[in-house]
Each structure stands twice: as structure tokens, then as C-alpha cells.
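2 protein chains.
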Amino acid sequence: MRIVVALGGNALLRRGERPDATIQLEHVRAAADALAALAKDHELLICHGNGPQVGLLALESEADRSLTRAYPLDALVAQTQGMIGYWLGQSLRNARVAAPVISVVTQVLVSADDPAFAAPTKFVGAGYDHATATELARTHGWSIAADGSSTRRVVPSPEPHGVVEIDTILTLLRAGTLVICGGGGGAPVVSENGQLRGVEAVVDKDLTASWLAVAASADRLLVLTDVAAVQRDYGTPEATPLAHTTLSELAGMRFPAGSMGPKIEACRRFVEATGGVAGVGGLADAAAIVAEIAGTTIRR
Amino acid sequence: MRIVVALGGNALLRRGERPDATIQLEHVRAAADALAALAKDHELLICHGNGPQVGLLALESEADRSLTRAYPLDALVAQTQGMIGYWLGQSLRNARVAAPVISVVTQVLVSADDPAFAAPTKFVGAGYDHATATELARTHGWSIAADGSSTRRVVPSPEPHGVVEIDTILTLLRAGTLVICGGGGGAPVVSENGQLRGVEAVVDKDLTASWLAVAASADRLLVLTDVAAVQRDYGTPEATPLAHTTLSELAGMRFPAGSMGPKIEACRRFVEATGGVAGVGGLADAAAIVAEIAGTTIRR
Numbered sequence: 001m002r003i004v005v006a007l008g009g010n011a012l013l014r015r016g017e018r019p020d021a022t023i024q025l026e027h028v029r030a031a032a033d034a035l036a037a038l039a040k041d042h043e044l045l046i047c048h049g050n051g052p053q054v055g056l057l058a059l060e061s062e063a064d065r066s067l068t069r070a071y072p073l074d075a076l077v078a079q080t081q082g083m084i085g086y087w088l089g090q091s092l093r094n095a096r097v098a099a100p101v102i103s104v105v106t107q108v109l110v111s112a113d114d115p116a117f118a119a120p121t122k123f124v125g126a127g128y129d130h131a132t133a134t135e136l137a138r139t140h141g142w143s144i145a146a147d148g149s150s151t152r153r154v155v156p157s158p159e160p161h162g163v164v165e166i167d168t169i170l171t172l173l174r175a176g177t178l179v180i181c182g183g184g185g186g187a188p189v190v191s192e193n194g195q196l197r198g199v200e201a202v203v204d205k206d207l208t209a210s211w212l213a214v215a216a217s218a219d220r221l222l223v224l225t226d227v228a229a230v231q232r233d234y235g236t237p238e239a240t241p242l243a244h245t246t247l248s249e250l251a252g253m254r255f256p257a258g259s260m261g262p263k264i265e266a267c268r269r270f271v272e273a274t275g276g277v278a279g280v281g282g283l284a285d286a287a288a289i290v291a292e293i294a295g296t297t298i299r300r
Numbered sequence: 001m002r003i004v005v006a007l008g009g010n011a012l013l014r015r016g017e018r019p020d021a022t023i024q025l026e027h028v029r030a031a032a033d034a035l036a037a038l039a040k041d042h043e044l045l046i047c048h049g050n051g052p053q054v055g056l057l058a059l060e061s062e063a064d065r066s067l068t069r070a071y072p073l074d075a076l077v078a079q080t081q082g083m084i085g086y087w088l089g090q091s092l093r094n095a096r097v098a099a100p101v102i103s104v105v106t107q108v109l110v111s112a113d114d115p116a117f118a119a120p121t122k123f124v125g126a127g128y129d130h131a132t133a134t135e136l137a138r139t140h141g142w143s144i145a146a147d148g149s150s151t152r153r154v155v156p157s158p159e160p161h162g163v164v165e166i167d168t169i170l171t172l173l174r175a176g177t178l179v180i181c182g183g184g185g186g187a188p189v190v191s192e193n194g195q196l197r198g199v200e201a202v203v204d205k206d207l208t209a210s211w212l213a214v215a216a217s218a219d220r221l222l223v224l225t226d227v228a229a230v231q232r233d234y235g236t237p238e239a240t241p242l243a244h245t246t247l248s249e250l251a252g253m254r255f256p257a258g259s260m261g262p263k264i265e266a267c268r269r270f271v272e273a274t275g276g277v278a279g280v281g282g283l284a285d286a287a288a289i290v291a292e293i294a295g296t297t298i299r300r
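Residue numbers (my numbering), protein chains in the order written: chain A, 1 to 300; chain B, 1 to 300.
If you are wondering where the hints come from, they were derived from the structure by calculation, not from laboratory data.
Some hints here could point you the wrong way.
Away from chain A, derived, C-beta distances all over 12 Å, residues of chain B [what the hints assert, rightly or not]:
| # | residue |
| --- | --- |
| 1 | R14 |
| 2 | A30 |
| 3 | A37 |
| 4 | A112 |
| 5 | D114 |
| 6 | G148 |
| 7 | D226 |
| 8 | A228 |
| 9 | F255 |
| 10 | T274 |
| 11 | A291 |
| 12 | I293 |
Pairwise CB distance ranges (calculated) [said to hold, decoys possible]:
| # | chain 1 | residue 1 | chain 2 | residue 2 | range |
| --- | --- | --- | --- | --- | --- |
| 13 | A | A63 | B | P241 | 36 to 46 Å |
| 14 | B | R29 | A | A273 | 34 to 44 Å |
| 15 | B | A145 | A | I23 | 25 to 35 Å |
| 16 | B | A119 | A | A273 | 55 to 65 Å |
| 17 | B | R29 | A | A112 | 11 to 21 Å |
Positions of the beta carbon are idealized from the N, C-alpha and C atoms, including for glycine.
With these hints in hand, go ahead and build the complete structure from the sequences.
The following block contains the structure:
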């Protein structure tokens with residue numbers, strides 16, 4: 001099978017962990033081991049997140065007094081693609097993946113008039129207590145929102161309408177290459193008069209992965225995160241994990257924006273467009289989710 | 001012809017300029033216009049520098065108090081590959097290059113016992129007056145060296161012995177793709193017991209470009225920089241530009257380490273290994289250097 005994997009940025013750095021390179025590289029190695037097991041039997045395209053990483057680089061750039069202004073988010077997303085793509089590519093090779101592995105820098109097309117630019121929802125950077133986050137928001141001009149028990153910066157997350165490099169990505173897949181692309185959802189660009197221009201946003205990597213899965217005629221979309229399964233009645237005492245579900249069953253449920261919401265929406269789009277099967281669950285369970293003995297499986 | 005272009009990091013940010021994203025993107029656009037003219041008639045592989053950029057990111061990471069220690073140079077080189085690869089890929093598309101354009105994250109193999117680790121020569125970051133540079137060296141544990149009239153940080157620059165992703169790069173070239181790779185010389189890695197591991201260094205991108213030009217059986221290696229030609233008796237009142245020269249003529253001359261030295265050595269290796277022609281000169285003259293009416297042409 002051809003499987004598109006959406007790998008959570010939180011899989012590379014857990015809540016509350018110090019964003020050191022060594023800590024992230026350790027998580028990347030664990031992720032690579034789980035993905036290498038999948039790569040034995042399947043063609044993989046991997047799309048990783050970058051929420052914690054792009055938030056860190058944005059803070060560093062804002063603190064850099066040698067700059068007139070901080071680097072825009074499109075350039076910072078591209079930086080995270082380089083770094084995480086490097087770590088992931090290296091770790092997959094070290095995990096003895098047989099296919100050639102390549103990380104490609106990816107641009108994702110968005111609309112300049114996407115309503116998301118006026119209503120930021122995508123979490124980036126670390127979690128803070130409310131008072132610290134409010135102070136940071138004032139200093140840096142951030143929007144902030146609650147993420148569980150902490151407060152984080154939120155940035156606009158417009159819809160992905162296409163991937164600029166899709167033809168080359170398909171060429172690589174046809175050549176039997178394991179492709180890492182669409183990292184951090186892709187560097188967001190608008191196209192005006194045939195000219196691409198970066199914009200200040202971070203596209204949801206699950207939605208970009210879904211677009212890529214449709215474009216690549218994938219058999220499966222696998223959304224790997226830090227929870228074991230989708231929960232019915234999430235956040236209530238009645239919460240129960242869903243093993244197998246359908247689009248019509250999901251249509252009646254609500255999920256938090258900025259976390260499980262986009263994951264379910266990514267699966268919905270893929271399943272609806274292709275009739276393929278989507279899976280959501282924990283990174284270590286990747287092979288078990290494909291075998292439908294772990295996580296949540298979503299069908300039409 | 002198949003041409004491998006080594007594009008100086010200084011072409012993206014000139015000495016003394018503020019390292020703003022907008023300033024660099026403007027230079028990248030000019031570079032893309034010059035390269036797009038070449039791409040009309042030739043297959044291109046582009047290898048860009050990252051000296052100013054990786055130095056900036058290293059300073060930002062060192063100043064980041066949320067980290068136990070600054071990110072290692074291999075990860076920072078990969079970040080610059082993402083950002084510059086993104087800018088360059090976008091600008092080449094905007095300049096109407098007909099071929100598909102892709103930037104790939106690249107690892108370069110070096111030896112753990114390369115003597116360069118004990119004798120740093122590669123300039124990174126901004127230029128400072130001597131007193132400021134000495135103070136920064138003390139604070140950050142840098143090595144420093146004079147670069148013209150300013151003083152800059154220097155880091156180890158081991159020999160490139162291979163490019164991990166070479167097979168996929170060749171696949172892409174065969175498919176007619178314009179490939180941006182080996183950025184910043186590649187993220188430096190050593191291979192131990194079949195496991196790749198990043199090291200604290202920045203490989204010279206001209207030497208990596210030379211390795212790539214040999215591996216890709218290129219017809220030309222074009223080293224583009226901020227000087228119009230190689231100079232005989234550089235730095236003396238007798239300095240004169242060389243239009244056409246040979247390996248034996250060059251063998252009797254000396255060039256500064258960390259700037260023209262590696263460029264000449266990159267050309268020498270390519271010309272010696274392949275019998276091809278190497279050119280050195282200004283970015284705006286790219287097409288004229290290929291036509292041998294500008295810059296310096298080097299033959300066996």
C-alpha cells in the first residue's frame with residue numbers, strides 16, 4: 001500500500017519538555033523506528049508537524065536585535081522543514097529503511113483572503129501560564145489561546161489548496177523513494193499574477209497531508225499523534241475511545257479546533273475524496289493502526 | 001550542458017548589510033534571474049552557501065535561554081537549507097524556469113578525524129571590529145580570524161567525502177528537474193558502524209559542489225561569488241584578473257583560505273577528475289562566464 005503519514009510536531013517534542021536538539025533527536029529516532037517498520041511493507045510519504053519548533057524559532061528571531069524585524073513565518077517554517085527533515089531523513093536511514101529517503105522543501109498554496117488570517121487558531125511554541133502568555137502577547141503582538149491547561153501563541157492557519165512541488169513529489173514516489181515533504185504543513189504562499197509570495201501563517205500539517213494523500217492516490221492516511229485514539233465525548237466523564245467509525249458517525253461529533261479537529265477533518269477529506277481508509281492514533285502503534293488493531297479507523 | 005553552480009552565501013547577503021529576510025530575498029531574486037537565464041539552455045544543479053545565515057542562527061540559538069545548549073551546527077546548516085532552498089526555489093519559479101524546481105535537504109559525509117576539527121577556517125556570521133570579535137569569542141567560546149578588514153567567527157570545515165542523498169539527486173536530474181542541494185555545503189555527518197551522526201562543522205559549499213559536479217558528470221562547474229574574476233597576485237598592487245588559466249598555472253599561485261582558496265581547489269578537483277571546464281566570477285555574469293567572455297575559465 002501507499003501510505004501518507006502525518007506525524008505530529010508534539011511527537012518530536014512533548015509538552016513541557018525543554019526544546020533541546022538532543023531531546024528532539026531522541027524522539028525523532030523513536031519515530032523513525034516506528035515508521036521504518038511500516039516502510040518494510042509499504043510506500044511512505046511523511047508529512048511532519050512543527051508547532052513547537054516554529055514557535056521557538058519565531059521567538060529567537062523576534063529577540064534578535066541585529067534584525068529590523070523578525071523573519072516571517074513562511075521562512076521560519078522552511079527552516080523547520082530543513083532541520084526536522086534532516087533529522088528524520090537521517091534517522092530513517094539509520095533505522096535501515098531500504099528505500100532511498102529524501103526530504104524536500106515544500107510550499108503550500110493558500111488564499112490571501114482566507115478568513116483564517118483574521119482568526120488565528122494554530123498553536124505554535126511552548127505552553128505558558130495565563131499571566132506569562134498575556135504578557136508575551138502584549139510584548140510581541142501575539143494572539144493567544146488556551147491549549148488544555150496552558151496558554152499558547154496562535155497564528156493564522158489558512159486552508160491548503162495545493163502543493164507547489166507536487167509533480168516532483170510524485171516523480172520521487174514513482175521512483176520508489178520515501179519522501180518527507182509538506183513539513184510544518186508547507187511554507188505558506190499565495191500566487192498573484194503567477195508569482196509566489198510567502199505569507200505569515202502556518203498551515204495545518206494534517207490538512208496538507210490529506211491533500212497530498214489525495215494527490216498521490218494513497219491507500220491510507222495515517223495521522224499519528226500523542227493520543228491513542230479518537231475519543232467520543234472528548235473532555236467529558238463519558239469519553240470513550242472509538243476503534244472503528246464512519247464519516248456519518250463523525251459528522252455528529254465535535255472536536256477541539258487546533259488539535260483533534262483538523263485531524264478528523266483531514267481524515268474526512270481523504271476518505272470522502274478517495275474511498276480510502278484513514279487511521280488516527282499513537283506513533284508507536286503505527287503498524288497496529290494500519291492492521292486496524294489499534295487507534296481509530298475511519299471509513300466512508 | 002549540465003552545469004553545477006556554486007552560489008556564494010555572500011551573494012544573498014553582502015558585507016555589512018543587515019541580515020533581514022527582505023534584504024536577502026531581494027538578492028535571491030536577482031540571483032534567480034541570473035540563474036534562470038542559464039536554465040533556458042542548460043541543466044542546472046545549484047549548491048548555495050550559508051556563511052552569514054548559519055552564523056546568525058547560531059547566535060540566536062546561543063542566546064536562547066530556553067535551551068540547555070545551542071543547537072549544533074549540523075542542525076543549523078539544515079535550517080539554512082530549508083530557508084534558502086525555499087527562497088531560491090520560489091524565486092526560480094517566479095523567474096519562469098521551465099523545469100520543475102526542487103530543494104532537497106542534503107547530508108555530506110566527513111571524517112571524524114579530519115584535521116580541520118582542530119583548525120577552524122570557515123567564516124560564519126557577521127564581520128566585527130577586532131575588539132568586539134574578541135569579546136564575542138570569549139563569551140561564546142568561538143575561534144575567530146581576520147576576513148579582510150573585519151574579524152569573524154571561524155568553524156571547522158572538514159573535507160566532503162560524499163553526499164548521502166546522491167542517488168536521489170541523480171534520479172531528479174535524469175527526470176529533468178532543476179535541483180537545489182548541498183546547501184551550506186550540506187549538513188555534515190560522520191558514518192560510524194553504518195549510523196549517520198551530525199557533527200559540529202560547516203563544509204565548504206564550493207568543495208561540496210565540486211564533489212556533486214564530478215558525481216553528476218557535469219560539463220561545467222560554475223563558482224559564482226562577489227568578485228568578477230580570479231586575481232593573479234591577489235592583495236598586492238600587481239593584482240590582475242585572470243581570464244583563462246590552467247591547473248598548472250594555478251598550481252604556482254596562493255589564495256586566501258576560507259574565501260578564494262576553496263573556490264580554486266573546488267575547480268581544480270573538478271577539472272582534474274573530469275577534464276571539464278570550471279568558471280569563477282560574478283553572479284550577474286553567470287551566462288557570460290559559461291560563454292567564456294567574463295570571469296575566469298579554468299582548463300586542464
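Quick check: which numbered hints come out false for this structure?
-> The structure breaks none of the hints.
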